[in-house]
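Undergrad: Same order as they appear, the protein sequences are chains A and B.
310 is the number that the numbering used here gives to position 190 of the first sequence; each next residue is one higher, with no gaps.
262 is the number that the numbering used here gives to position 238 of the second sequence; each next residue is one higher, with no gaps.
Incorrect hints may have been included.
[Said to hold, decoys possible] Think about it this way: if two alpha-carbon atoms lie no more than 30 Å apart in a straight line, the pair counts; the simulated DSS-like pairs of lysine-lysine are: (1) A:K200 x B:K222; (2) B:K100 x A:K352; (3) A:K222 x B:K222; (4) A:K126 x B:K100; (5) B:K222 x A:K230; (6) B:K225 x A:K222.
In case anyone wonders, no lab produced these hints; they're calculated from the structure.
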Amino acid sequence: MLKSAKMVMERARELAAKRRPVVAIAGAEDDDVLRAVSEAVRAGIVGATLVGQEVRIHALLEELGEDRNSFEIVNAENPKAVIALSVELCSSGRAQILMKGKVSTPDLMKAVLSPRAGLKVGKLLSHCAVLEATGYHKLLSITDGGVLSNPDFNDKLAIVENAVHVSRVIGVAEPKVGLLGVMNEPDPDFPSTIEAAAVARSCYVKGMTKYIEGPLTMGTIFRQMPEGATWKSDVVGDADILVAHSIEEANIAVKALINLRGAIFMGVITGAKVPLSLVSRADPPENKLASLALAAVISGASK
Amino acid sequence: MTFQELQTRAQHIRPARMDVVGATPFEISIIEKWEKRGWKVRYREGELEHCLQAAVDAAACGETDLLFCSGADNLKLIRFLDRAVSRDYKPLTMLQGFEVPSYPKVLWVGFTPMARYDSIPDAIKGVSVVAKSMAELGEPEARIALLSCVELISPGVHSTIWEATLAHMSQRGQFGKARVDGPLAFDLAVSPQAVSNKGFKSEIHGQADVVIPPDLNSFCTLTDEIHLTGPHTAVGIVVGGPCPIALPPHRDERHMTLSLQVASLLV
Numbered sequence: 121m122l123k124s125a126k127m128v129m130e131r132a133r134e135l136a137a138k139r140r141p142v143v144a145i146a147g148a149e150d151d152d153v154l155r156a157v158s159e160a161v162r163a164g165i166v167g168a169t170l171v172g173q174e175v176r177i178h179a180l181l182e183e184l185g186e187d188r189n190s191f192e193i194v195n196a197e198n199p200k201a202v203i204a205l206s207v208e209l210c211s212s213g214r215a216q217i218l219m220k221g222k223v224s225t226p227d228l229m230k231a232v233l234s235p236r237a238g239l240k241v242g243k244l245l246s247h248c249a250v251l252e253a254t255g256y257h258k259l260l261s262i263t264d265g266g267v268l269s270n271p272d273f274n275d276k277l278a279i280v281e282n283a284v285h286v287s288r289v290i291g292v293a294e295p296k297v298g299l300l301g302v303m304n305e306p307d308p309d310f311p312s313t314i315e316a317a318a319v320a321r322s323c324y325v326k327g328m329t330k331y332i333e334g335p336l337t338m339g340t341i342f343r344q345m346p347e348g349a350t351w352k353s354d355v356v357g358d359a360d361i362l363v364a365h366s367i368e369e370a371n372i373a374v375k376a377l378i379n380l381r382g383a384i385f386m387g388v389i390t391g392a393k394v395p396l397s398l399v400s401r402a403d404p405p406e407n408k409l410a411s412l413a414l415a416a417v418i419s420g421a422s423k
Numbered sequence: 025m026t027f028q029e030l031q032t033r034a035q036h037i038r039p040a041r042m043d044v045v046g047a048t049p050f051e052i053s054i055i056e057k058w059e060k061r062g063w064k065v066r067y068r069e070g071e072l073e074h075c076l077q078a079a080v081d082a083a084a085c086g087e088t089d090l091l092f093c094s095g096a097d098n099l100k101l102i103r104f105l106d107r108a109v110s111r112d113y114k115p116l117t118m119l120q121g122f123e124v125p126s127y128p129k130v131l132w133v134g135f136t137p138m139a140r141y142d143s144i145p146d147a148i149k150g151v152s153v154v155a156k157s158m159a160e161l162g163e164p165e166a167r168i169a170l171l172s173c174v175e176l177i178s179p180g181v182h183s184t185i186w187e188a189t190l191a192h193m194s195q196r197g198q199f200g201k202a203r204v205d206g207p208l209a210f211d212l213a214v215s216p217q218a219v220s221n222k223g224f225k226s227e228i229h230g231q232a233d234v235v236i237p238p239d240l241n242s243f244c245t246l247t248d249e250i251h252l253t254g255p256h257t258a259v260g261i262v263v264g265g266p267c268p269i270a271l272p273p274h275r276d277e278r279h280m281t282l283s284l285q286v287a288s289l290l291v
């Protein structure tokens, strides 16, 4: 089991030694993304194909002091062509990871989900943040803080399925999943607790994982069984995945761990044939590199 | 604002009247120290909801100045309290303040648990109460960040709509001197580095005094996460009611005393 970002990085290197995955950068004329990819290429975990306006990409690489021969460059003059070519690289198997550069996120997602691209394998795309948080004994995934704004019951099942896949890739055979709630038991005053219980039960019945419970408060999941509890839990104190009720809850929980507690963040969008990497300008460089390493490990596992 | 500054100010507060509900023997032993300093304390014993109702009614009649609540988890307590107060005070607002090593000042997390934030009037009331409380605690120009998952207004993410409305109201001075901005992702609320990396312009500028999550789940998860993932000092109060209410997040002497001291500044 990979228990830290460093172990994810080492695993990505091991996999790359056998076959280095190629990242297709959609809209590579973005200095921030170029920096992150250059770092990953130097670290030996990925190769990169830069898609975008060749002249501008060359200029940026020069500005950043990067060797243009380390990259393959595919010229595309407008965003539509950039997205189409990047997706085509992934569909045809010439790239194994897709990374968003200077293109619109919804347009890129739309292209990935288009049946013509043939990249959609899961029920839907969802974001999974894998965190190395100080004081927690293993990697912790929080989902979905980046893609689905109003997930319904069925979306939640798919979110769990995607996150379980990521956990298995990092070596957790039977991931322990906690569905977050404001209390530990379903309460009609808080409809989110009812939904969490239903999702947990449904995922269990469908055999997604042996260990899934909800609703559970963050406090209970991190700490211990509540006083006077009449039930037993495999998830409390040992969760691998936390499924938030809303995109806001997951996003805030992840960013609080990063910004207040210095957690190392690896983020990836799963549910497609290739992992999607979206790094934010606000992410520190080590998190961008770690995110690409995670995408490389996922890509290596699906070969 | 630091807890040290607030504690120093609280030492100069004149003793007043306090109602205590649901306290354990340990909690009573701490409150007895306040009695020795001249506070007039009334201990209410019996069924919790009934005692809370009586204490809230006493506050509304001006018979008590501060309320200390215990006897159940905080979410349950604030539900009982919200039921107990008259319509004028609804919805009550919970404020938890944290000092963590990575943030240079107290970071308050505010929320109105019984409000429906898709109801703009509830949201306005919640933010107004927070702004007023911050002013009373010595921060009239508090930076209040309305949290979401993005900083762009997006019809698909409902919280961004009401948050943008409130930010606009703030620009027009409708929350006094408080600077309210949203929607903001958490990093843009608390990290000047993230703000600068993104080239984002906001009056909060990564130095929020208060962050307000968009829903109850986010509030509970965020506060639990800060409590459980590292060192911190925390304070819990409820504002917007007939009197300030101390609702300590931890039931040890340090956190109880601090919560009472901060609540006493609002008397």
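Undergrad: Now, for every hint given, state plainly whether the structure supports it.
TA: Now for the hints, and whether the structure bears them out:
1. A:K200 x B:K222: It holds: about 24 Å lies between the C-alpha atoms, which stays within 30 Å.
2. B:K100 x A:K352: Within the cut-off at roughly 23 Å; holds.
3. A:K222 x B:K222: 14 Å, holds
4. A:K126 x B:K100: Roughly 42 Å between the alpha carbons, so the hint for K126 (chain A) and K100 (chain B) is violated.
5. B:K222 x A:K230: Holds. K222 (chain B) to K230 (chain A) sits at ~25 Å (cutoff 30 Å).
6. B:K225 x A:K222: At roughly 20 Å apart (the allowed maximum being 30 Å), K222 (chain A) and K225 (chain B) satisfy the hint.
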